[in-house]
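Novice: This is what each chain is made of:
2 protein chains.
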Amino acid sequence: MARLPEYLRALHNLAETGHETVSSEGLANAAGVNSAKLRKDLSQLGSYGTRGVGYDVGLLIDQIEYVLGLTQRRAVALVGVGNLGHALAGYDGFASRGFRIAALFDADQERVGEEINGLVVQHIDDLPRVAAEEAIAIGVIATPATAAQRVADQLVAVGVTSILNFAPCVLSVPEGVDVRKVDLAIELQILSFHEHRKASLTALPAAGGSALTALPGGLAVTESQEAIGT
Amino acid sequence: MARLPEYLRALHNLAETGHETVSSEGLANAAGVNSAKLRKDLSQLGSYGTRGVGYDVGLLIDQIEYVLGLTQRRAVALVGVGNLGHALAGYDGFASRGFRIAALFDADQERVGEEINGLVVQHIDDLPRVAAEEAIAIGVIATPATAAQRVADQLVAVGVTSILNFAPCVLSVPEGVDVRKVDLAIELQILSFHEHRKASLTALPAAGGSALTALPGGLAVTESQEAIGT
DNA sequence: CGCGATTTGTGCACGTCTTCACAAGCGCCT
DNA sequence: AGGCGCTTGTGAAGACGTGCACAAATCGCG
Numbered sequence: 001m002a003r004l005p006e007y008l009r010a011l012h013n014l015a016e017t018g019h020e021t022v023s024s025e026g027l028a029n030a031a032g033v034n035s036a037k038l039r040k041d042l043s044q045l046g047s048y049g050t051r052g053v054g055y056d057v058g059l060l061i062d063q064i065e066y067v068l069g070l071t072q073r074r075a076v077a078l079v080g081v082g083n084l085g086h087a088l089a090g091y092d093g094f095a096s097r098g099f100r101i102a103a104l105f106d107a108d109q110e111r112v113g114e115e116i117n118g119l120v121v122q123h124i125d126d127l128p129r130v131a132a133e134e135a136i137a138i139g140v141i142a143t144p145a146t147a148a149q150r151v152a153d154q155l156v157a158v159g160v161t162s163i164l165n166f167a168p169c170v171l172s173v174p175e176g177v178d179v180r181k182v183d184l185a186i187e188l189q190i191l192s193f194h195e196h197r198k199a200s201l202t203a204l205p206a207a208g209g210s211a212l213t214a215l216p217g218g219l220a221v222t223e224s225q226e227a228i229g230t
Numbered sequence: 001m002a003r004l005p006e007y008l009r010a011l012h013n014l015a016e017t018g019h020e021t022v023s024s025e026g027l028a029n030a031a032g033v034n035s036a037k038l039r040k041d042l043s044q045l046g047s048y049g050t051r052g053v054g055y056d057v058g059l060l061i062d063q064i065e066y067v068l069g070l071t072q073r074r075a076v077a078l079v080g081v082g083n084l085g086h087a088l089a090g091y092d093g094f095a096s097r098g099f100r101i102a103a104l105f106d107a108d109q110e111r112v113g114e115e116i117n118g119l120v121v122q123h124i125d126d127l128p129r130v131a132a133e134e135a136i137a138i139g140v141i142a143t144p145a146t147a148a149q150r151v152a153d154q155l156v157a158v159g160v161t162s163i164l165n166f167a168p169c170v171l172s173v174p175e176g177v178d179v180r181k182v183d184l185a186i187e188l189q190i191l192s193f194h195e196h197r198k199a200s201l202t203a204l205p206a207a208g209g210s211a212l213t214a215l216p217g218g219l220a221v222t223e224s225q226e227a228i229g230t
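Order-wise, the sequence lines are chains P and E. So for the first sequence, my numbering puts the first residue at 1; every next one is plus one. So for the second sequence, my numbering puts the first residue at 1; every next one is plus one.
There's no promise every hint is true.
The list treats identical chains as one, so a pair stands whether inside a single copy or across any two.
Said to hold, decoys possible - Dumping the calculated DMTMM-like pairs for lysine to aspartate or glutamate here, alpha-carbon to alpha-carbon at most 20 Å:
#1 K40 with E110
#2 K37 with E133
#3 K40 with E25
#4 K198 with E175
#5 K198 with E65
#6 K40 with D62
#7 K40 with D126
To be clear, the hints were calculated from the coordinates, so they are not data collected in a lab.
Full structure from sequences and hints, please.
Specialist: Now the structure itself:
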């Protein structure tokens, strides 16, 4: 499940604040989900809490980390050290949560040789050599959209089967390769949509109270997960 | 729908390559979704294509931009100019897709006064003044998790009703405020999970062919959206 | 003017996810 | 040892999203 990492983060917070056990209700609040949903997710893990008490925080952390495959620190290759790539290379949230940025690549010779956070940027054509030395598990693409597909092909060619794509385009990859996409502008556009919706509501107060509200454009939206993003 | 921005991006690509009309099949491919799903989404828009021909690219762009509220260029306030904030401030994908970064804030006096991409970083306590001058529609939080909730409260206090949160924590906000969360480490952890799953599969080839595969931890997963991320 | 090729819009069925509600189980206190 | 309160785990119902398959509609061509 895609919610396990969220639970894991909440659990780490709880562990740091000294909690030894936590109820499904408490953890659900900390993770921002429904408690029944959380219990169902955890029951799938096979990790049993104790009735009347709750879940053992430390045990649950170990369980989730095992399922997520975080017991081994995976090596990440980051391609594209432009604006965003720079930030990702310096982002300490990766190291603190089980990942190691093993190599930085770029296609621009101007950038090759630059040192970021203790790592030297290498040329993308050196990817095969580096991949032979380090066991690259995950590739991160932070290039312009025009270069993304080619980089993806190169990553797949050296055996990478998981890609995190920040470029605003769809990647086509062979079966067996997982791609996740993060598009920062799309996130803003979704918020913009909600802004527009809210503005239309206040401008047309007659529609208030209905669960379904017609938009000027004709689109109808249910009053969806207010204040709960993901 | 959250897929509209993806359609919009694909449509802009098509427009640039000279297409005047596009079939649901073609647009669906470009956006990486099923054609029936796309047609259903667009039919909700009330924007009619013509049967036998397809959709008018330019018209559809206008329609979607209107529904997303992109006809007005919304002002974005970015709080936290650390590693990630720096990158976001310099990210040109925002400007090119209907947003304008109107102000940068940070709580660290060391960073106040720094100029990034033509904007001067201001102290977060100046937020009310700046908000009175500019109509801030969306707030972006790129601070450490410890500061995120306080920043969110400050944003809400000056009337911001849409927040994009990059800090790894859940924000509690009053009703009517929309929060979307992007956690880069979580994306990697989800990929790690898939890696772990795939590794377990090859190690236990006996399970091949089944739609449901037992993991060492006991978790069972369906063979989910391979190569389709979101 | 009519016919066929093509494409949209949608009814329907299916599977998944979510939520409620409650029985079963555990620990603590007396 | 027994009862009481609290919490987990889960069955069932409902909401939701997805995809197929087909009727309706439009254009081009003879």
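Novice: Can you give the numbers of the hints that this structure goes against, from lowest to highest?
Specialist: Per hint list: 1, 2 and 7 violated.
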